[in-house]
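Using the hints provided, position chain B relative to the given structure of chain A.
There are 2 protein chains.
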Amino acid sequence: MNKGLLIVISSPSGGGKGTILKELFKRHENLRMSVSATTRAPRPGEEHGVHYYFITKEEFQKNIDDGAMLEYASYVNNFYGTPKAPVEAWLNEGKDVILEIEVQGGRQIKTVAPDCVSLFILPPSLEVLEERLRGRGTETDEVVRKRLAQAEGEIKCLRDYDYTVINDTVEQAVADIEAIITAEKHRVSRDETIVERILNHA
Amino acid sequence: MNKGLLIVISSPSGGGKGTILKELFKRHENLRMSVSATTRAPRPGEEHGVHYYFITKEEFQKNIDDGAMLEYASYVNNFYGTPKAPVEAWLNEGKDVILEIEVQGGRQIKTVAPDCVSLFILPPSLEVLEERLRGRGTETDEVVRKRLAQAEGEIKCLRDYDYTVINDTVEQAVADIEAIITAEKHRVSRDETIVERILNHA
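So the sequences go chain by chain: A and B.
Position in the first sequence counted from 1, then plus 138, gives you the working numbering.
Position in the second sequence counted from 1, then plus 138, gives you the working numbering.
Isolated chain A, as found in the complex (with noise of 0.2 Å):
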């Protein structure tokens, strides 16, 4: 059996990526989300290993010190990351495996696991992005006006992806990612013994 595929998404917050997510997640059975660890207290309804696993700052910074964790940050005074070991556990299960991260992560799970494939789903425009933030009708003009700042930051980093899928309706934007798998899956640097198993059943 080959090995499950280690797939990084980002987005701009307001991108859609979440919605996206949900429909590929209903259509495969195959995949899984990557839960983060993280320091912080859990909000009300935030369940342990579901959300988040929820640790304190000694074992994160263990996990830190032990090469436990693939990527990781801190922010206000909190760890966030991704624990190596059920990603690696679901990958050697052979399932896909989904990594929902912000763009610094993503760089640095691009230097610990180069086979894996990164993603950046992206508005159409700016002006989109901001119409979709302001439709939300939940946030203040400064709230907006700082998250097109930050977009714009996020989307220069585009470069570091190995793949754009731009979220301009979501049917196409959830089969642009399953192409994208299907593709990857042939590749033929995934597939250390394809040769073998052709000519061996000769």
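There's no promise every hint is true.
Copies of one chain are not kept apart here, so a pair can be met inside one copy or by any two copies together.
Derived pair list, reagent style BS3-like, types lysine-lysine, alpha-carbon separation capped at 30 Å [what the hints assert, rightly or not]:
#	residue 1	residue 2
1	LYS323	LYS141
2	LYS160	LYS284
3	LYS284	LYS222
4	LYS195	LYS222
5	LYS141	LYS195
6	LYS155	LYS294
7	LYS323	LYS155
8	LYS141	LYS248
9	LYS164	LYS323
10	LYS323	LYS160
11	LYS323	LYS200
12	LYS233	LYS200
13	LYS248	LYS323
14	LYS233	LYS323
15	LYS195	LYS294
16	LYS200	LYS160
17	LYS323	LYS294
Honestly, the hints are just simulated from the structure, not real lab data.
Keep in mind the model is a prediction, meaning the values are calculated, not measured.
What follows is chain B alone, placed relative to chain A:
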């Protein structure tokens, strides 16, 4: 407009490439099939510019000297090869161009056009290939054995290619090739202006 994709396809004889390509061309208007040049005489029914460009040895040699061939080889005292100009014209128009070629030629293309996408269409096993060759009922036992030995040699060149497609059913193989083409069109490295396009529309 983005340039088209140059798609190199190789397959051992009996691999079922012909049926797959016919189906692909039926479905995709944007595809073009590269026409080879040769110095051999046309056979009955063969048309210049359709099956081959039939040219003289002097013309072929001049093309080689002028760097006007993407790849070429000589076989039983005749030259065969791919003229560069029509392929480049199509790519510049945004058409995707398929180059059906044997493994030696495939290698040459990768060195002159490193951004091409190369696919190797494989039978599920050598046993299946043998069944298919014998199933035609037109080849002698000796020819079948020769073809199998040749196929084995060709399959060993598989590692020079980007992707493999197993021809188990035509439907599946065509779908896999479509996914590979779609994915390659989403590669960040193939779109030099994407960051600017997204940001400048703001």
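| Failing hints, ascending? | 3, 5, 11, 15, 16
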